[in-house]
Amino acid sequence: GESVGLHLPTLSVQEGDNSIINCAYSNSASDYFIWYKQESGKGPQFIIDIRSNMDKRQGQRVTVLLNKTVKHLSLQIAATQPGDSAVYFCAEGFSGGYNKLIFGAGTRLAVHP
Amino acid sequence: KAGVTQTPRYLIKTRGQQVTLSCSPISGHRSVSWYQQTPGQGLQFLFEYFSETQRNKGNFPGRFSGRQFSNSRSEMNVSTLELGDSALYLCASRRGTPGHYTDTQYFGPGTRLTVL
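As you go down the protein sequences, you meet chains A and B in turn.
Quick note: the first sequence uses my numbering, first residue 1, plus one each step.
Quick note: the second sequence uses my numbering, first residue 1001, plus one each step.
Okay, chain A solo, but in the shape it has when bound (with noise of 0.2 Å):
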């Protein structure tokens, strides 16, 4: 399948182990992120959002934290399974602009059996 980034920053980690994933965002105005995982040859695929007016959100074996004092934004994997391995992006999103997501670089996450 086609490469979504050749220079991605890469995590890897084992099969079973739990994952990090970093992101820092630069606008103070945003007012929901997501999180996005994109498998080589398809689209970003949604994992999980968080409103800005909460520091916390669990789903299915991830969780996101939005820290608003410095801008941070990470999921984790709990667990972490082969099927995880993929491209992962965070977005910011604004209420005033409507549909537009500002995405970060990505990270590539690399599950080793």
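There may be inaccurate statements among the hints.
Simulated restraints on C-beta separations [as the list claims (entries may be wrong)]:
| id | chain 1 | residue 1 | chain 2 | residue 2 | range |
| --- | --- | --- | --- | --- | --- |
| 1 | A | 74 | B | 1103 | 21 to 29 Å |
| 2 | B | 1061 | A | 83 | 34 to 42 Å |
| 3 | A | 14 | B | 1103 | 35 to 43 Å |
| 4 | A | 110 | B | 1020 | 33 to 41 Å |
| 5 | A | 83 | B | 1018 | 26 to 34 Å |
Calculated directly from the structure, the hints in this document are not laboratory data.
Note that CB positions come from ideal geometry on N, CA and C, so glycine has one too.
Once you've looked at the hints, dock chain B against the given chain A.
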């Protein structure tokens, strides 16, 4: 429910030509956005359409344009293609419920455009 579909999936053009890409949103979704993805620039917002009207536009030259039809299907057009336009063009749709600006965006698989 069928996801976002994009056609064609792959396209090869030469410099100076123009191209039209098509996107069919998820049934019931009224908002369609387009993004360009390249290894160097990442994912960048092109524009958003809602009810056949462009509601937001990114920082791209006027060679990039789009439209939306009454059935919410959307097309984007790139005229006078340049080598740097080679990219994966992604379409995303959302319900677009008024006041619910955080409706989840669902992406299609993209159209891979190569300009020679």
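Outcome of the hint check:
Residue 74 of chain A and residue 1103 of chain B have their C-beta atoms about 24 Å apart, which keeps the hinted 21 to 29 Å range intact. One distance hint, 34 to 42 Å for the beta-carbon pair residue 1061 of chain B and residue 83 of chain A, holds here, with the actual separation near 39 Å. Under the hint 35 to 43 Å, the C-beta atoms of residue 14 of chain A and residue 1103 of chain B, about 37 Å apart, fit the expected range. Between residue 110 of chain A and residue 1020 of chain B the C-beta distance comes to about 37 Å, which sits within the given range of 33 to 41 Å.
Checked against the hint of 26 to 34 Å, the pair residue 83 of chain A and residue 1018 of chain B fails, with Cβ atoms roughly 40 Å apart.
Checked against the numbered hints above, the structure violates only hint 5.
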